[in-house]
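Colleague: Each chain, letter by letter, is given below.
Protein chains: 4
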Amino acid sequence: MSLNTFGRLLRVTTWGESHGEAIGCVIDGVPPGLTLTKEDIQPFLDKRRPGQSKYVTQRKEPDNVKILSGVFDDLTTGTPISLQIQNQDARSTDYEKNREVFRPGHADYTYFKKYGIRDHRGGGRASARETAARVAAGAVARKILGSNVSIKGALIKLGKKQIEHTRWDWDAIYKNPFYCPDPDTVHEWKIYLDNIRKTGSSVGAVIEIHSSGIPTGLGAPHYGKLDADLAAAIMSIHAVKGIEIGAGFAVGTFSGEENADEMRIGESGDVEFSSNNAGGILGGISTGQDIILRFVVKPTSSIHNVTNSIDTSGKSVKISTTGRHDPCVGIRAVPVGEAMVACVLADHLLLHRAQCGGNHDVNKKNS
Amino acid sequence: MSLNTFGRLLRVTTWGESHGEAIGCVIDGVPPGLTLTKEDIQPFLDKRRPGQSKYVTQRKEPDNVKILSGVFDDLTTGTPISLQIQNQDARSTDYEKNREVFRPGHADYTYFKKYGIRDHRGGGRASARETAARVAAGAVARKILGSNVSIKGALIKLGKKQIEHTRWDWDAIYKNPFYCPDPDTVHEWKIYLDNIRKTGSSVGAVIEIHSSGIPTGLGAPHYGKLDADLAAAIMSIHAVKGIEIGAGFAVGTFSGEENADEMRIGESGDVEFSSNNAGGILGGISTGQDIILRFVVKPTSSIHNVTNSIDTSGKSVKISTTGRHDPCVGIRAVPVGEAMVACVLADHLLLHRAQCGGNHDVNKKNS
Amino acid sequence: MSLNTFGRLLRVTTWGESHGEAIGCVIDGVPPGLTLTKEDIQPFLDKRRPGQSKYVTQRKEPDNVKILSGVFDDLTTGTPISLQIQNQDARSTDYEKNREVFRPGHADYTYFKKYGIRDHRGGGRASARETAARVAAGAVARKILGSNVSIKGALIKLGKKQIEHTRWDWDAIYKNPFYCPDPDTVHEWKIYLDNIRKTGSSVGAVIEIHSSGIPTGLGAPHYGKLDADLAAAIMSIHAVKGIEIGAGFAVGTFSGEENADEMRIGESGDVEFSSNNAGGILGGISTGQDIILRFVVKPTSSIHNVTNSIDTSGKSVKISTTGRHDPCVGIRAVPVGEAMVACVLADHLLLHRAQCGGNHDVNKKNS
Amino acid sequence: MSLNTFGRLLRVTTWGESHGEAIGCVIDGVPPGLTLTKEDIQPFLDKRRPGQSKYVTQRKEPDNVKILSGVFDDLTTGTPISLQIQNQDARSTDYEKNREVFRPGHADYTYFKKYGIRDHRGGGRASARETAARVAAGAVARKILGSNVSIKGALIKLGKKQIEHTRWDWDAIYKNPFYCPDPDTVHEWKIYLDNIRKTGSSVGAVIEIHSSGIPTGLGAPHYGKLDADLAAAIMSIHAVKGIEIGAGFAVGTFSGEENADEMRIGESGDVEFSSNNAGGILGGISTGQDIILRFVVKPTSSIHNVTNSIDTSGKSVKISTTGRHDPCVGIRAVPVGEAMVACVLADHLLLHRAQCGGNHDVNKKNS
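Protein chains in written order, with the numbering used here: chain A, 771 to 1137; chain B, 771 to 1137; chain C, 771 to 1137; chain D, 771 to 1137.
No lab work stands behind these hints, which were simulated from the structure alone.
Small disclaimer: the values here were computed from a predicted structure and weren't measured.
Even for Gly, the Cβ is constructed at its ideal location relative to N, Cα and C.
Warning: the hint list may mix true and false statements.
[Said to hold, decoys possible] Restraint ranges, calculated between C-beta atoms of paired labels, are given here:
no.: 1; chain 1: C; residue 1: G983; chain 2: A; residue 2: D843; range: 52 to 60 Å
no.: 2; chain 1: A; residue 1: N834; chain 2: D; residue 2: S1083; range: 32 to 40 Å
no.: 3; chain 1: C; residue 1: P832; chain 2: D; residue 2: S1083; range: 56 to 64 Å
no.: 4; chain 1: C; residue 1: S1086; chain 2: D; residue 2: K968; range: 52 to 60 Å
no.: 5; chain 1: C; residue 1: G916; chain 2: B; residue 2: P832; range: 37 to 45 Å
no.: 6; chain 1: D; residue 1: T805; chain 2: A; residue 2: D954; range: 55 to 63 Å
no.: 7; chain 1: A; residue 1: Q822; chain 2: D; residue 2: T805; range: 34 to 42 Å
no.: 8; chain 1: A; residue 1: D843; chain 2: D; residue 2: T805; range: 42 to 50 Å
no.: 9; chain 1: B; residue 1: P832; chain 2: C; residue 2: R869; range: 32 to 40 Å
no.: 10; chain 1: C; residue 1: K830; chain 2: D; residue 2: D939; range: 50 to 58 Å
[Unchecked claim] Calculated cross-link-like contacts (lysine-lysine; reagent style DSBU-like; alpha-carbon spacing at most 30 Å):
no.: 11; chain 1: C; residue 1: K960; chain 2: C; residue 2: K930
no.: 12; chain 1: C; residue 1: K836; chain 2: B; residue 2: K883
no.: 13; chain 1: C; residue 1: K930; chain 2: D; residue 2: K930
no.: 14; chain 1: D; residue 1: K913; chain 2: D; residue 2: K817
no.: 15; chain 1: D; residue 1: K930; chain 2: D; residue 2: K1085
no.: 16; chain 1: B; residue 1: K836; chain 2: C; residue 2: K931
no.: 17; chain 1: C; residue 1: K883; chain 2: B; residue 2: K836
no.: 18; chain 1: A; residue 1: K883; chain 2: D; residue 2: K913
no.: 19; chain 1: D; residue 1: K867; chain 2: A; residue 2: K836
no.: 20; chain 1: B; residue 1: K931; chain 2: A; residue 2: K931
no.: 21; chain 1: D; residue 1: K883; chain 2: A; residue 2: K808
no.: 22; chain 1: C; residue 1: K931; chain 2: D; residue 2: K931
no.: 23; chain 1: B; residue 1: K930; chain 2: A; residue 2: K930
no.: 24; chain 1: D; residue 1: K817; chain 2: C; residue 2: K931
no.: 25; chain 1: A; residue 1: K883; chain 2: B; residue 2: K922
no.: 26; chain 1: C; residue 1: K867; chain 2: B; residue 2: K836
no.: 27; chain 1: D; residue 1: K931; chain 2: C; residue 2: K930
Using the sequences provided together with the hints, build the complete structure.
Modeller: Listed below in structure tokens is the structure:
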């Protein structure tokens, strides 16, 4: 019931506010004997780190992760892994003038209505800074999944601009500030987002994540469906308003024939699918094909332009936000989405091993 | 960890296979003292019931619900409510010829790969028949929410055909076999789906659900987000491949100004929003506006037309499904989606009361 | 948070009232491919069944179990197993006169104060009849544990009478109506309990349970301790007021030297312990020795003799209970305790496999 | 499934090893608006702190707690509270010689067998140092319970010496180094334990905890029984081997008449009980009487005297432990036990409010 925890057997509990002393997470349920050092985690945090280009917030945070427990002699011990990241470049004064007002489209209003109190500094607990802890946890989840599993995300739409899928190039993703897989689109996106940034506005985005090397059989019927857990994990990311698996919303227009991913036994003797509309999941259980999902991130709600709002005393006010913000928070959502997918898949790997990892009488009976 | 259970405080555990003796659910955590009789539940089951028009499966199931526990003198007692529905019109012989083969696009293959065994009769546990238990649970959840809360769904896209939103009429939805809110579209849909049905094919659909009367403050930060729990609940429904909240995937193209639902204090002294792109949820917590979500249902994977597949022995085969099936399983997903939303909202009502229902020092301190 | 569910991966949800139509449970998380038929479960129910001797309640219930789901071709499918037992010999009229009064020492009072309503018939949900569902679940748990694991309980104290441990004979326990392991004590117990029964009184008891064949390594640090889960499971049984592991309360008087179970490598090359004060659990994790625990059951609170109490309107009254009851409810607690232990051990078997069942880098690194 | 987390709605996750950089916990589910500062927590840590008398370990740890999140302007915000305590006086070299051997009666052996790896320094995760985090969490739980609830523990048996209950004096408890409630016993205990300490041995103890001011109605039937949750919480404390509620194991010898706590309406109009054998809990639900429980703590397994054991390579060895240890770890278990009871009670306060805190139709129907 921990509302700040996710996962079933691999349990990640995050804590911390944007302008508190630190943020962090506790990861429980990690198998013992996995090699794990700071160097396994830091590269993923560096991908999410703010201040790396003019297209993201200018807050400067080194985001150095500390492993406080659960690792001995560079090996996981099976006990909870506590990770911590100091907050360094918090400028709470930027937020002082908005202490009593609610930013439209932001969690300010709902936190205050729910709890009767809020830490207004930098968004408090609602800040996207919390996602650093998720990314750290995702790095640990990747260790559980092993090197045969690959989880990679890309930005496929930036506001009204989208990539050309036929030009998809995984190698391009880390060579531009957008995680854009279409190198020919990058220049246009730079001009487009720079304009938005200069006007003090912001814009939404769509991210696509591919997971390959996933064994057949992960997931479970109904409420433990792999896609249900993925949907919750992705929707729990700040600013996400939609998630789809495989062909997603397009299947609404498909006929049964168009939708069915036909199967046959290939020359190698393995199962081959004619397509992957299912996105690698049927009946909530992985098929062995790539797991493909997309999610949409709304534009940053902190914008410089003046909008109408109300304050804590119940009066109408005008508001403009002047803190440092991402013109497109969707960019940094790419490593965050990857991390959440990694955690869900590692969790289901453990779940599957628990229920189906033993010897079955079924085999004895059938043999 | 119950993979066949959902909810946090209001816990629903479903059980049963399509062609077993019965299906049912156990609902735990229901507040005591609520009036509850079979008559509170049956009307919702009747909405989902098969065989009511030629546009849905012709299996004839009265779906009479029995309350086996947790109710005394027509009042809930606070103890678990066990509901049960007999299976009557199962025709397992229809499935005998497909015992050793996997229907493409269906859970047949993944269940077999996961468990090494499957109940092939009518899809076994993967059958949409399981959703009758969800609908029954949803009726109980509505009692918890009370009569001020309304949860209503409609089919807004049937395959390639969609409604005209400006003609939306809530009164129309129960007057046609599609839960279509646009009466002028119904005739066209009848012809369209009848053609699909006759060709032995099937088609996808999109459903929209509106919940009104929801108090501000339901939900929680991060992994207890109201939208994260809704996403998991909806994605756990059979054949769902995508879910979006409020403006959903459209926010990807919005600017921050377009997305922000501005607030002001209205003449009545209450908060008024200029729009509802957020779909009634900000930072995972309800705003008090209507909660609006949409989800897509893929076409029924059981189709008469011959497709390529494989069998349990690992050989390529041709397959055609001849059981009774819905040409558009999305139609009966309307009451199912409503039920899942009701369960999630009732769960969060209890969660909110637990954490925030007491007297706060904050008030004393501030006064 | 299901308060009527227990277990972590092997999840058992029970439902039903003493005088309702039926009682039952849903068992989720069972591995697929285990042979399971009614005949695997019924013998354990028969051990718990009422009406088998004059030393237990005279209510006549055949307690025939029905398997409603989760099993196909006599094999578990990995989906939830729904078990159901009809109530047949309920005599609600026996309880009518106590509808408005609370039996001292019984849950009548607290249920009413908590919920504002209670099903007074036969104790409603608080009735020990609920334990039939636990016993059924325990039979399924034994299938998961396999035939190398043995879980056996015995009554070691009946009121003021106790067994002589040196005469312990496992073969004796099913040859007397008390599950007494000391055959020389049985005659004395018969006279003793018969007297108590005739006077309309009741008496407490202590049960000891031994589990052998348990692998080393089940359990977890701290809140997943095997003994913590066993303690909760046993304390959740009706009328239990205490639980101890191994030497239990006696260790309070031990010195460190007396308490330590010394280890050495025996001639066979296996670890040998000099004693088993730990009861097979150290640091919450199984040592491989027998797991030994004891628990105390209070005397049945329903007695014929008149006692002082109050009624639902808040007035003092005199009360005497005339329904059919066990003079020593501890006797039938033996199979119930065994069942709870079986469920906890099977649950931890799955948990251990999940976290520690894979290949560890630790081995590669050390080799 | 977080095995390092306990609680249902009030969720406490602890982390950290004895000789790591720090230990700590994350407390989730705390209601918002409660005043909370370091000064609310530190006094309880000071009661558990080592090095305060010669009767406890001489490790010097200030145990200064830091609040890293979840509190703003000295008020809880409803978001997770992260507490951290640095480890300062760890002397890992004391343990170096025991790196490859297992202390009998200690978790050394079972951790190694379970995980294939262990942090041997100071017991690693199995160290009683973990309990500092529990005590900190207990202080927060007391804030939730409010000032009307009192939870106090005392040492009633020290090895073979026990108090005289008729001399019980709550005021005496904090005036001696044993939390002994019988001032006339203290001198004898000092001599007794000093002798044990000087010989390098250790001794067990029994602790009794009283909770008063508890509302009627906390707890739930069966697997959410208040006593079941208390049993798990207490048994999860290091070295605990038994737990009993109210009259505990003594009820095994009681008749139904002796056991029944008779009720009547007193002159004030309130319910009065003739006794409290139930220890304040009937059917798993609080009666409103004081909740009374006792638990036994085994002697510290780290003793100086030489015992037989084995090492990680599977050879028999002789072992003597020379680190700093408590001659009676039961003494410091008093504040730990109080903390666990506080957490369970606060958790059930929230659970009760969730399910039963609303308006019931039962009232309307009955009125």
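Colleague: Now tell me, hint by hint, if it's right for this structure.
Modeller: Quick rundown of the hints versus the structure:
Separation of G983/C from D843/A is about 33 Å and departs from the stated range, judged on CB atoms against 52 to 60 Å. Between N834/A and S1083/D the beta carbons are some 39 Å apart, a value that agrees with the proposed interval 32 to 40 Å. For P832/C paired with S1083/D, a C-beta distance near 57 Å keeps the hint of 56 to 64 Å intact. Against the hinted window of 52 to 60 Å, the Cβ-Cβ separation of S1086/C and K968/D comes to about 59 Å, which satisfies the hint.
For G916/C and P832/B, the hinted distance range of 37 to 45 Å is satisfied, since their beta carbons lie about 43 Å from each other. For T805/D and D954/A, the Cβ-Cβ distance of about 59 Å falls inside the hinted range of 55 to 63 Å, so the restraint holds. Between Q822/A and T805/D, the C-beta spacing of about 41 Å keeps the proposed range 34 to 42 Å intact. In this structure the hint that D843/A and T805/D lie 42 to 50 Å apart at CB holds, the actual value being about 43 Å.
For P832/B and R869/C, the Cβ-Cβ distance of about 35 Å falls inside the hinted range of 32 to 40 Å, so the restraint holds. As the Cβ distance of K830/C to D939/D is approximately 55 Å, the hint placing it in 50 to 58 Å holds. With a CA separation close to 13 Å, the supplied pair K960/C and K930/C stays within the 30 Å bound. For the hint linking K836/C to K883/B, the alpha-carbon distance of about 28 Å falls within 30 Å, and the restraint holds.
In summary, the hint linking K930/C to K930/D is supported, as the alpha carbons are separated by about 24 Å, within the 30 Å threshold. Taken as a hint, the K913/D and K817/D pair is honoured in the structure, with Cα atoms around 17 Å apart against an allowance of 30 Å. Of the pairs offered as hints, the one joining K930/D and K1085/D is violated, with about 35 Å between alpha carbons and a cut-off of 30 Å exceeded. Pair hint K836/B plus K931/C does not hold up; C-alpha atoms about 47 Å apart against a cutoff of 30 Å.
Proximity of K883/C to K836/B is assessed by CA-CA distance (about 28 Å); at most 30 Å being required, the pair is judged to hold. In summary, the hint linking K883/A to K913/D is supported, as the alpha carbons are separated by about 22 Å, within the 30 Å threshold. In summary, the hint linking K867/D to K836/A is supported, as the alpha carbons are separated by about 29 Å, within the 30 Å threshold. Only pairs whose Cα atoms come within 30 Å are accepted, and K931/B paired with K931/A is accepted, the gap being roughly 27 Å.
Simply put, K883/D and K808/A have alpha-carbon atoms about 27 Å apart, close enough for the 30 Å limit, and the pair holds. The straight-line distance between the Cα atoms of K931/C and K931/D is roughly 27 Å, inside the 30 Å bound, and the hint therefore holds. Pair hint K930/B plus K930/A holds up; C-alpha atoms about 24 Å apart against a cutoff of 30 Å. A threshold of 30 Å between alpha carbons decides the hint, and for K817/D with K931/C the separation of about 43 Å lies outside it, so the pair is violated.
A hinted pair counts as satisfied when its Cα atoms are at most 30 Å apart, and K883/A with K922/B qualifies at roughly 26 Å. Annotation: proposed proximity of K867/C to K836/B holds, straight-line Cα distance about 29 Å (limit 30 Å). A distance of roughly 25 Å separates the Cα atoms of K931/D and K930/C; the hinted pair therefore holds under the 30 Å criterion.
Hints 1, 15, 16, 24, counting from the list given before, are not met by this structure.
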